[in-house]
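Those protein sequences? They're chains A and B, same order as listed. Going by the working numbering, the first sequence opens with residue 1, and the numbers climb by one from there. Going by the working numbering, the second sequence opens with residue 1001, and the numbers climb by one from there.
Derived from the structure by calculation, the hints contain no laboratory data. Please note that the accuracy of each hint is not assured.
Per the computed footprint, the stretches of chain B lying under chain A, defined by three or more beta-carbons under 8 angstroms from a beta-carbon of chain A, are [what the hints assert, rightly or not]:
hint: 1; region: 1070 to 1078
hint: 2; region: 1215 to 1227
Restraint-style ranges between C-beta atoms, simulated for each label pair [what the hints assert, rightly or not]:
hint: 3; chain 1: A; residue 1: Asp-406; chain 2: B; residue 2: Asp-1054; range: 53 to 63 angstroms
hint: 4; chain 1: A; residue 1: Glu-25; chain 2: B; residue 2: Asp-1467; range: 51 to 61 angstroms
hint: 5; chain 1: A; residue 1: Pro-352; chain 2: B; residue 2: Glu-1059; range: 52 to 62 angstroms
hint: 6; chain 1: B; residue 1: Thr-1460; chain 2: A; residue 2: Phe-334; range: 16 to 26 angstroms
hint: 7; chain 1: A; residue 1: Ala-15; chain 2: B; residue 2: Asp-1124; range: 20 to 30 angstroms
hint: 8; chain 1: A; residue 1: Arg-468; chain 2: B; residue 2: Glu-1103; range: 44 to 54 angstroms
hint: 9; chain 1: A; residue 1: Lys-99; chain 2: B; residue 2: Arg-1029; range: 40 to 50 angstroms
hint: 10; chain 1: A; residue 1: Asp-439; chain 2: B; residue 2: Gly-1098; range: 16 to 26 angstroms
hint: 11; chain 1: B; residue 1: Glu-1059; chain 2: A; residue 2: Val-446; range: 48 to 58 angstroms
hint: 12; chain 1: B; residue 1: Arg-1296; chain 2: A; residue 2: Ala-80; range: 26 to 36 angstroms
Using N, Cα and C, we set each Cβ at its ideal position, and we do this for glycine too.
What follows is the residue order along each chain.
2 protein chains.
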Amino acid sequence: MSREGVTPQSEDFSAWYNEVVIKAELVDRGPVRGTMVIRPYGYRMWELIQADLDGRIKEAGHQNACFPLLIPESYLKREAEHVEGFSPELAVVTIAGGKELEEPLIIRPTSETVIGEYMARWIDSHRDLPLLLNQWANVVRWEMRPRVFLRTTEFFWQEGHTAHVDEADAMRETMWALGAYAGLAREFGAIPVVEGEKTASERFAGAVRTYTIEAMMRDGRALQSGTSHYLGTNFAKAFEIQYQDEAGRLTHAHTTSWGLSTRLVGAVIMTHGDDKGLVLPPRVAPYQVVIVPIGRGEQGERTGVAARELGASLKAAGIRVHVDDNRPQLSPGFKFNDWEMRGVPIRLELGPRDLEADVATLARRLPTAAGQGKEPIPLARAAELLPALLDDFQAFLYKRAEAFRDEHTAVVDTWDDFAAQVAGGWAVAFHCGRPECEDDIKADTVATPRCIPSDGPAETGACVRCDRPSAYGKRLVFGRSY
Amino acid sequence: MSREGVTPQSEDFSAWYNEVVIKAELVDRGPVRGTMVIRPYGYRMWELIQADLDGRIKEAGHQNACFPLLIPESYLKREAEHVEGFSPELAVVTIAGGKELEEPLIIRPTSETVIGEYMARWIDSHRDLPLLLNQWANVVRWEMRPRVFLRTTEFFWQEGHTAHVDEADAMRETMWALGAYAGLAREFGAIPVVEGEKTASERFAGAVRTYTIEAMMRDGRALQSGTSHYLGTNFAKAFEIQYQDEAGRLTHAHTTSWGLSTRLVGAVIMTHGDDKGLVLPPRVAPYQVVIVPIGRGEQGERTGVAARELGASLKAAGIRVHVDDNRPQLSPGFKFNDWEMRGVPIRLELGPRDLEADVATLARRLPTAAGQGKEPIPLARAAELLPALLDDFQAFLYKRAEAFRDEHTAVVDTWDDFAAQVAGGWAVAFHCGRPECEDDIKADTVATPRCIPSDGPAETGACVRCDRPSAYGKRLVFGRSY
């Protein structure tokens, strides 16, 4: 920690991000290029996200399982597009138990292949379907441009893998997962994501259709924050995932996969953070409330006791609270700055004068409509009042992010407007649907189609780039992305 | 699943185990030798164990973090005993991103080295201590004699890693972890473990003292089910984990590590299972209660509806319940056998006659003092009565396992008695403390000292093997082990 704070976002967003993740003690750089150590403050955010998403996944009838980390190289080669997509990124084990292995083993970059192999073993009849599996796992992809939480060589995610009797059931599942991710992002991360389908060139390697949730970061760039894939019968054919239907015919299953990763922690940081550092939505915050007792000597002892009592009452009310009472070497001002930098939603200061008045002084990380500055809160009612104040802060962050996104999104019809718009936000525009045209757009502006939004109105027009008739029956969202 | 059941334990315990883990759908064999796929029924057991242990770990002030899977080879070499202990078991990544790596990367067999590196970065002052970290992780050790849950090439565990100002504080931590493991095993797994210290030859590679919980399986063999290590300053010196004490002197920290793994699932299986298959303690059981509706046609529809209603009322009461209502192709008798094989503590049968009497027929997986055979339970009171019946079953399993262990444990003073005793159980005997003498005992009987029990009475005598004066001031527990 240092007093100096972080580089302002407006000056250098990338430097801001790289500094804040370290200074807020979310992570440390790993010993191997592109890896990270997730420190307790960052890992708690991931645990909270996991708990919420795991609940959604189980409630919808999925069961967790665990497939091996190491996959025989031959498995990956069975689905042609899949292996082509992933081979440049693989980490390969060639030696084990002191001997060279006969067949190299791949550290999973994703688990469609190994799970496909077992689905084929476990599925016999239509009665075995749908098969709804999920696993929480680490995966490894050798990244050329690593970035903490967004693209790390090893990352953490859940990957859902399901098998169904037909396309309709598999598509229902694909859209269920997309909806679960959007719900998590909005309700938990306070991130106003856009849901939609990816164009062909942005699809997962081996998928028939890929759906995404896209979030806008505070530099106007898009972050793909979760994806759900309808795999058709591609993996079913590669791994012989077949079932006997009711008439006794052997039929290929239709499969899906969907994943959401530690990248979502990055999305939270870059959706809400400001020049002072992190701003955490209460549901994702390791500490929702921090109590800072103030005073030296005897006074300090009294406020320390009161702070611990207050902390216990908030904990009993289900609030994640931290009492900052074991750093006597630091000044109150340093502590305030420190917790602001670490994004704690609400700070309660407890000085001798507060104590005399039976109050704490409440300060929000950002002013909301409910409160602009510091204000007293009665100690006796803090546990009762704080849950609503935290909900208010959560809702405020969502609305603030939504307003930011809307301000930085525009419907455009000309190439000049498009280029100007994607320089700092998203452009909503017609596209002809040709991959070459996507390539041209990317070459000139770095922007790519983020998605064909699920809720966009039905419209047709001329491609913003090449003037050919539009495809998709609606406008696409374009933006630069991480 | 097959109707035939499993090989009886008495006939071939090892065959019984290998069959039951597959037939009960706990696991499937992995694609790579020594690996396993943990299926939902088995994984749920691990999730329940994790949730309980994670609560104990956090309650005691530890924080979860996450360190990288891949460790530079040079890190492992810094602690001489440690690398010597682990090098035969390592899996090595030599190729990544399409290129040969300059320095090979080890898939972590355990994380003392990489965590040591970061502890050194994060610790400056005595104020930073104790540093209490834990991570839930997969690790890889290339096993020569793999066995599902007990020794798999990849396994899952938590590893606690802590740093302290001195030996006294580090030893308190070491013993805290041992106590937490013993509590988990007893209260959650219904396993009456013995706590104690390992002799020098059974210590963790790099530890000063290793403590263990030892469980007796139903073939009389011991299973080391969790270990806690006081590492002294060995890793602190290798990784320069130092702090400034209150007088400003630079001092090496004292560190600990402790781990409990998916092996505990194997301990539960082999502590409680019988010739019919699994017997699961309710706290670890994925389904504590299974409801089997009986009847065909219209009667079947009625009992099906009633079973789902009963299921909903039990679920609302916090009971993990499964309604077996979507396998019309199977007979009730088949289903009863199936759930017995899968170890479900309590089965509720719901036939037309039960429904007329407003009851379900309750059957325990094993008779307890509270109930020997099938008995009716009023539908309206089931949700209220079942929690106590599940607690009774949990307590019954613990007492049964304790009685079994006590029957198969004997204090012995002669070599003949020792050899006879360890053939089918544990011998409690004096030992001289010489590693060569331990080797002799092992060569003749396969038995090893399992631990110097924490609660053994202070005694001295002659070594059971070589007649030299006893060491340790008490008797040791010997047994054959997994």
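Okay, the hints, checked on the actual structure:
Under the rule that three or more residues need a Cβ within less than 8 angstroms of chain A, the assignment of the region 1070 to 1078 of chain B holds, with 4 such residues. For the region 1215 to 1227 of chain B, the proposed coverage by chain A is not satisfied: 0 residues have a C-beta within less than 8 angstroms of a C-beta in that chain, short of the threshold of three. The hint said 53 to 63 angstroms for the Cβ distance between Asp-406(A) and Asp-1054(B), and at roughly 40 angstroms that hint is violated. The hinted range of 51 to 61 angstroms is satisfied by Glu-25(A) and Asp-1467(B), whose Cβ atoms lie roughly 59 angstroms apart.
Range check, Pro-352(A) to Glu-1059(B): Cβ separation about 33 angstroms, and the 52 to 62 angstroms hint is violated. Checked against the hint of 16 to 26 angstroms, the C-beta distance between Thr-1460(B) and Phe-334(A) comes to roughly 59 angstroms, which is inconsistent with it. Distance hint for Ala-15(A) and Asp-1124(B): a CB-CB separation of about 25 angstroms, consistent with the stated range 20 to 30 angstroms. The hinted window of 44 to 54 angstroms between Arg-468(A) and Glu-1103(B) holds, with their beta carbons roughly 52 angstroms apart.
Between Lys-99(A) and Arg-1029(B) the C-beta distance comes to about 21 angstroms, which lies outside the given range of 40 to 50 angstroms. About 24 angstroms separates the C-beta atoms of Asp-439(A) and Gly-1098(B), a value consistent with the hinted range of 16 to 26 angstroms. For Glu-1059(B) and Val-446(A), the Cβ-Cβ distance of about 49 angstroms falls inside the hinted range of 48 to 58 angstroms, so the restraint holds. For Arg-1296(B) and Ala-80(A), the Cβ-Cβ distance of about 49 angstroms falls outside the hinted range of 26 to 36 angstroms, so the restraint is violated.
Violation of the numbered hints given earlier is confined to hints 2, 3, 5, 6, 9, 12; the remaining hints are satisfied by the structure.
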